[in-house]
Amino acid sequence: MRAFPPFLALRYLLTRRINLLSVFGVSFAAWAMIVVNSVFTGFVTDIRDDVRRSTPDLLLTDLPHATSYDSLRAALEADPAVAATAPRLRHHGLWQPLQVPSRMQRSLESSQVDFNHMEGGFVLLLGIDPLREPAVTGIRDWIAGGMEPIGKHLGRLGPQGSVFDEADPKRRAEMLVPDELEWRGRGRARIPRASQEEHVSSLPGVLLGWRRAYVWPWLQQGDPGDLLAAAFVDDANGKPQLRTHRVRTAFAGWFATGHRMFDETQAILPIETLRTMLGQDHADPEAIALVTDVAMRLRTGLAPGEIAAAKTRLRTAAQALLAAGSAPCSVLDWEEQNPVFLSAVSHEQTLMRIVLFVVMIVAAFVIYATLHMMVVQKWKDVGILAAIGGTPRGIGTTFLLCGLVVAVVGAILGTTMGGLSVHYLNDFNDWLFRTANVELFPRNLFDLQQVPVRLDPAWLALVACTSVGLALVTAVVPARKAARMNPVKALSYE
Amino acid sequence: MTAPVLAARGITKTYRLGRQDIPVLRGVDLDVGEGEMVALLGASGAGKSTLLHVLGLLDPPTAGDVLFDGRPVHGLPIAERAQLRHAHTGFVFQFYHLIPELTALQNVMLAGMMTTSWLSWWKDRRAAKARAIAMLEHVGLADRMRHRPAELSGGERQRVAIARALLVGPKVILADEPTGNLDSKTAASVIELMFSLQAERRIAFLLVTHDESLASRCHRVVRMRDGVVVHG
Ligand SMILES: Nc1ncnc2c1ncn2[C@@H]1O[C@H](COP(=O)(O)OP(=O)(O)OP(=O)(O)O)[C@@H](O)[C@H]1O
Ligand SMILES: [Mg+2]
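Going down the list, the protein sequences come from chains L and C. Reminder that position 479 of the first sequence reads as 479 in my numbering, one-by-one numbering, no gaps. Reminder that position 100 of the second sequence reads as 100 in my numbering, one-by-one numbering, no gaps.
With the rest of the complex left out, here is chain L (with noise of 0.2 Å):
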């Protein structure tokens, strides 16, 4: 490169206040990819994980009617890469708590309806082993983490203690709250109960995700509820016929594994209480331990190439013990359990990206514009660049230039800018609430201490390769321009 059009190039930006608009355009457009990026991306890991924390690492599903867990169990457990299995049975159904504590304290029977919180009625019911089921997911953790949001939403203090912790394990089956708790209840409810001293917990205990004390936020663990479910059972010609069922229940806490889906809708309970409501008592020697789901938690440290080929395996060994003839059943990883969610949060943030390409290529126009000004305002300075000896080359090289130094300017400032508004991002967002009593980021909205950031370093990298590399070829058309122009016609330019 020739000396003079850096040198040049320099000058003409100097004295050029336009080309801080350019400078502006490209840090603005680099800013706001970076933040608006970091803070979705911040979004999404946390999304992630919460549907992670939800969510068994293989869920064995699309089983036949009628399965039964003792059927499968030991031939998913002899895979070298499972843990530890347990069974799933989902339904769904209404679970009403029988006091209301609308003007006096009103007691319900689950044929009344309470029309002020009939919203949290339904919910999809997951029976689960409570003896197996902390092998495979963090159940006891989700019950920690329901009181935490319990405390902060409703002022007061969530469940003091977990079914999970009963030591009894024919207790524990049955997740019964502790019979002091269910004698108060019952109390609360104003149904039968014997002395408190001779008082045993007999209802099964339902947990229920921390969203819905939202609907019914008076209530204690031991507090009955209605579960009701419906079900076809063949009738004595064998034709099947709907059946509900009904049983009492105690609430028996909250549970939140951040996931907002299955924190609103699910109800957990014990297996065996939703098997005897769809005919299958084990009492009855005829039951099957009937199963919709078996979930599964792998060893720690197994390659992605490793869970793959084990989901193949597991599949074929289920396939196998099925009766012939039945549909295929699948294996999913924690994803494929949760894909439109996961591939809906996905396609948002690409679509966001394209957008926030646009605005770059809002900025690179910027340049242009203001460069191909430049270049006609300087028409003449061609010519005299060309009659004191400059190539078309160099005279090119010069506009150029300047693009490239609004680009890399632009681009450092955008990018510093951006690392630093993703840093202080949290610290400016609590100043803004503080002094002005805005919230750029409702963190309640989201249930969230601090708003998510998440700044990639590839993606800071692209941002500054892309604005710089997106300027200069925009910069290259005026350039051409000005280095094709003929010299004689340029002097004589006015």
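Hints in this document: simulated from the structure, not taken from any laboratory.
Simulated pairs of lysine to aspartate or glutamate, EDC-like, Cα-Cα distance not exceeding 20 Å:
1) C:185 x C:156
2) L:311 x L:62
3) L:489 x C:21
4) C:171 x C:192
5) L:152 x L:50
6) L:489 x C:59
7) L:489 x C:177
8) L:311 x L:79
9) L:380 x C:177
10) C:171 x C:80
11) L:481 x C:59
12) L:380 x C:101
13) L:311 x L:335
14) L:239 x L:286
15) L:380 x C:59
16) L:311 x L:77
17) C:129 x C:143
18) L:311 x L:336
19) L:170 x L:198
20) C:185 x C:211
21) L:152 x L:439
With chain L fixed as given, assemble chain C with the ligands onto it according to the hints.
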């Protein structure tokens, strides 16, 4: 006898306007010897400026050749041609053609940056600046170096343009009506400057002018009419 520093051999230049050919130069032959002061006269539209542009390699001729020190240059590759023109000829225009963003000193220094690489220029920047300062002092602008063209008078601007043309030590300066835009007193001082440069440094001048008295002071007068040299 040494070859003329600048020579034109059968130069023709034809512009095309739509379908029409406009012959502006129709076979011009011209020699400018070393240190020679040649006046180029002719009516407006005779093709004087066009000839200067062709001789200064700003515009390629339709036919014919330009010779620097007897060497034909129009066939050379573009970078070499730029280099050669830079070292060999300087331009001075009627309307000065300085770069408005730069100070007088920077305008002169710029001429030294056209063909050197930025690295070697940077290593040599102090000397380069000193040369530009010396050149401005030489044309009598020692106290105007930090002024932008807009802050200089016409005569001062033309002196800056001359200093710029002189910086790299060319053998010939092509001056297209250098005093055409100046009052007679200022014009006279600029002319004196050129004559003194010619005498001191043996720089040849090809001077386009409409001023007969100025032409008569030159070593030789060349007249053009309708694209040809009519009388040498
Ligand atoms: N780009 C062009 N296209 C067409 N014709 C042109 C072009 N440039 C110059 N001409 C024509 O060439 C002729 C010579 O122009 P030139 O500028 O060389 O004249 P000149 O002798 O310098 O005149 P003046 O004394 O007025 O400066 C003019 O008739 C002009 O119209
Ligand atoms: Mg002219």
